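Chemist: Each chain, letter by letter, is given below.
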Amino acid sequence: MTKHHPDTLILMEYSAGNLSEPHALCIRLHLDQCPHCRSRVDTLDSLGAVMMESQPQVGVSSDMFDSILSRIDSEPNMTEEYISTRAKRVGPLQKLLGEDLNSLPWKRQLGDVSVLDISERFPGQSEQVVLQKLAAGGKAPAHTHRGDETTIVLQGAFADQKGVFNQWDFVVLNQDDDHKPVAVGCEDCITLSVLSAPVKLTGTFTRLLNPFIR
Amino acid sequence: MTLDQKPARAEGRKDPWSQMLEKVGKNQDRQAYHALFEHFGPQIKYYAMANGLASHAEELVQEVFVSIWRRSCLYDWRKAAASTWIFTIARNQRIDMLRKMKRTSAEMPVETEDLWQIPGENDDEPVTSLHRLMSERRVRESLSHLPEEQTTVIAKVYMESKSHQMVADELNIPLGTVKSRVRLALNKLKVILQDQNV
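Quick mapping for you: the protein sequence lines, in order, are chains A and B. So in this note's numbering, spot 44 of the first sequence is number 235, and the numbers just go up one at a time. So in this note's numbering, spot 32 of the second sequence is number 587, and the numbers just go up one at a time.
To be clear, the hints were calculated from the coordinates, so they are not data collected in a lab. A few of these clues could be false.
As the list claims (entries may be wrong) - In silico contact screen, one side only, chain B against chain A (beta carbon under 8 angstroms); selected entries: (1) Lys600; (2) Tyr602; (3) Val621; (4) Thr643; (5) Arg649; (6) Met652; (7) Trp671; (8) Pro674.
As the list claims (entries may be wrong) - Computed list of chain B residues with no C-beta within reach of chain A, every gap over 10 angstroms: (9) Pro571; (10) Gln574; (11) Glu577; (12) Lys578; (13) Asn582; (14) Asp631; (15) Arg633; (16) Pro664; (17) Thr732.
Bear in mind that the values here come from a model prediction, so they are computed numbers and not experimental data. Heads up, the beta-carbon is just placed ideally off N, CA and C, and yes, glycines get one too.
Can you make the complete structure from the sequences, with help from the hints?
Modeler: What follows is the structure in structure tokens.
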């Protein structure tokens, strides 16, 4: 069971459909594993429905219903097709990254840290989207963050001054967080991070880009 | 006898729109479909216009209704009220329309529905009917007691897809004020985790 949850305001922006795709992905991955937050999002979705019904209404053209009917008549199997496509669906993470996170083309960065920039999988987004791997037992150099950095743990666990972050835990760090993460447990720790601005190192290293190090 | 009573009692909790949507899903009932269209069509059209899709508003209404038809057999009133289910479809169709305006499908490895889920369509989701229906009723009830300054902010987030920062800029108030108004409202709607420090 996850212990670190997204803030309610982020969940609200998710429910309203206002988050960028990489941020929505982080939320979705957490929701899939956290019934608690899923139930909060259910309530927020109801809030959206009630907001929509309390707004003004605008009449639709008189022939629209007929064109909708002719569209559904022209595709009599749409429901069956939808259900069979749905049955074959794989999760967003697998779709993006395949089955095995450990065998991705990781780039060794520094010491125990490897990274993989997957920003180009989200065309048209301004954020940097990075996978980071901290070898089991490894330490990342101390660093702060210039903008907000949203992170979800995909495998293993890491610990810093704020606590232990396990699989599917969700955390947002900003410029006030100067942290020194350590991978705990016997597995490499893999995280997915969305960065609104590059990381700044606080130690002796001068240039690094990533979540353990961005 | 007891077996007969159970569904009857459950039926009593269903709101009329959820009953109609269920008829569409189970029997392809076109009369019920039309009633849903008359009720939700104008709401969705306004939703599209408020969201900056004025020239595509009717197109969005159409897409939402075709999508409702396509997936109505998966609708389960115990998992979401019809209005909530339809809102999430409208939201997803809006996101999808904006994404498609910007790029080709080859450039979108992840589909909108991989990111934004429709409630109740996850097979492993437990049925928690009472909780969900109460939450919908509670939201409607609590919302009517909120001060206008709180509902205004929430309306801008949901209806105009504005971030908290954009709402702050527009209303010319600090970001912190926007956030605290939203938190106050969500607190009353009991969305905030009790163990969360906010």
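Chemist: Hints first: check each against the structure and report whether it holds.
Modeler: Here's how the hints hold up against the structure:
1. Lys600: holds, 4 angstroms
2. Tyr602: holds, 6 angstroms
3. Val621: Hint on Val621 (chain B): holds, closest Cβ of chain A at ~6 angstroms, below 8 angstroms.
4. Thr643: Cβ of Thr643 (chain B) sits 5 angstroms from chain A, so the hint holds.
5. Arg649: The hint holds - Arg649 (chain B) has a Cβ within 8 angstroms of chain A, the shortest such distance being about 6 angstroms.
6. Met652: For Met652 (chain B), the interface hint is violated, since the closest Cβ of chain A sits about 11 angstroms away, which is over 8 angstroms.
7. Trp671: At about 6 angstroms, which falls below the 8 angstroms cut-off, the nearest Cβ of chain A leaves the hint on Trp671 (chain B) intact, so it holds.
8. Pro674: Holds, about 6 angstroms.
9. Pro571: At roughly 13 angstroms from the nearest Cβ of chain A, Pro571 (chain B) sits farther out than 10 angstroms, so the non-interface label holds.
10. Gln574: Non-interface label on Gln574 (chain B) holds, nearest chain A Cβ at 16 angstroms vs cutoff 10 angstroms.
11. Glu577: holds, 15 angstroms
12. Lys578: Correct as stated: the minimum Cβ-Cβ distance to chain A is 15 angstroms, above 10 angstroms.
13. Asn582: Nearest chain A Cβ is 13 angstroms from Asn582 (chain B), so the label holds.
14. Asp631: holds, 13 angstroms
15. Arg633: holds, 12 angstroms
16. Pro664: The claim breaks: Pro664 (chain B) does not keep its Cβ more than 10 angstroms from every Cβ of chain A (closest is about 6 angstroms).
17. Thr732: holds, 13 angstroms
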